[in-house]
Amino acid sequence: AVVQRCQWPGCDRWARTSQADHLEPHADGGASDPHNCGIHCGHHNNIKNEGYTTVRQPDGDIAYYRPDGTPIT
10 AVVQRCQWPG CDRWARTSQA DHLEPHADGG ASDPHNCGIH CGHHNNIKNE GYTTVRQPDG
70 DIAYYRPDGT PIT
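In this text, residue positions in the sequence shown follow this note's numbering: the first is 10, and each later residue adds one.
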């Protein structure tokens, strides 16, 4: 399926204004491939610098976590 909007839970910004975002940061060895990327708006791409994390699940979905480890749904 083609991603139409930012994938972050609750965000409705259009994908055309978003960025391919490394789920595992490139600086930490994260690959630049579709499995390691999500489509996130600039705000949600940058929020990971504040301790938020994203993890690709075995079913292909992305799990989102707050800095304290609680999931964002």
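Careful, some of the hints might be misleading.
Said to hold, decoys possible - The list that follows gives simulated cross-link-like pairs (lysine to aspartate or glutamate, EDC-like), each with its CA atoms no further than 20 Å apart: (1) 57 / 42; (2) 57 / 77; (3) 57 / 21; (4) 57 / 70; (5) 57 / 33.
In short, the hints are calculated from the structure, not lab data.
>> If you test the structure against every hint from before, which numbers come out violated?
In response: Violated hints: none; all satisfied.
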